[in-house]
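Q: Each chain, written out:
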Amino acid sequence: AQTVTQSQPEMSVQEAETVTLSCTYDTSENNYYLFWYKQPPSRQMILVIRQEAYKQQNATENRFSVNFQKAAKSFSLKISDSQLGDTAMYFCAFMRGGYNKLIFGAGTRLAVHP
Amino acid sequence: DGGITQSPKYLFRKEGQNVTLSCEQNLNHDAMYWYRQDPGQGLRLIYYSQIVNDFQKGDIAEGYSVSREKKESFPLTVTSAQKNPTAFYLCASSPTSVGDTQYFGPGTRLTVL
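The listed protein sequences derive, respectively, from chains A and B. Under this note's numbering, the first residue of the first sequence is numbered 1, with each subsequent residue one higher. Under this note's numbering, the first residue of the second sequence is numbered 1, with each subsequent residue one higher.
Keep in mind the hints are simulated off the structure, nothing from the lab. Where hints are given, some of them may not hold.
Stated by the list, open to error - If you only want the chain B side, here are some residues facing chain A, beta carbon under 8 Å, derived:
no.	residue
1	Y10
2	P39
3	G42
4	L45
5	Y48
6	I51
7	F55
8	T86
9	F88
10	S94
11	P95
12	V98
13	T101
14	P106
15	G107
16	T111
Claimed, not checked - Some, not all, of what chain A presents toward chain B, calculated at C-beta under 8 Å:
no.	residue
17	R50
18	Y54
19	K55
20	F68
21	Q69
22	K73
23	G85
24	Y99
25	G105
26	G107
27	A111
28	V112
Just so it is clear, CB atoms sit at the ideal spot from N, CA and C, and this is done for glycine as well.
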């Protein structure tokens with residue numbers, strides 16, 4: 001069975017600095033998708049970024065980028081120029097290719113301080 | 001505006017009562033999902049539906065039931081058989097069922113008194 005591990009329960013960063021959130025996963029599959037979702041205090045889950053495993057290029061979305069290391073089964077999220085609005089829980093999620101089930105990690109609580 | 005709506009935002013239930021959570025989407029998505037979130041944990045899949053009039057159990061379906069009579073709607077009933085129903089419930093949808101990004105509604109907080 002696939003599992004997703006986020007080893008950092010909490011992190012904090014100063015505004016305008018860069019922070020990296022870690023995620024590792026366990027799978028024997030070769031075809032899969034990885035996601036980072038953000039859950040602010042409103043509790044709505046918001047997609048941050050998506051990565052297809054067959055793509056070697058790391059996905060980026062404005063200030064958010066990933067470091068996808070397929071062999072190491074690692075999928076970290078880098079947030080550049082952190083803003084107060086980035087304060088949230090961040091969840092890493094895995095989806096096996098050909099399926100529609102998302103498997104979530106336990107989350108990392110990120111606090112951005114002024 | 002296109003999106004996913006869930007109602008109510010907060011729901012209180014007495015033990016032994018069934019309660020139904022609403023989820024509606026106007027994104028024309030085929031697939032819809034229900035997740036449960038407990039404190040300090042990620043989301044866990046309760047049920048999902050790939051097309052109208054069809055649905056499958058997720059990892060924690062016991063004590064829950066769903067229906068999918070319309071493409072836009074996927075209500076979740078929390079029955080009295082669910083032993084620990086107090087949680088945050090999130091509905092999601094995706095354009096198709098395989099490999100697509102899932103988009104989430106704002107959630108319903110259910111508290112059993």
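Q: Failing hints, ascending?
A: When the structure is compared with the hints, numbers 1, 2, 6, 7, 8, 11, 16, 18, 19, 20, 21, 22, 23, 27, 28 turn out to be violated.
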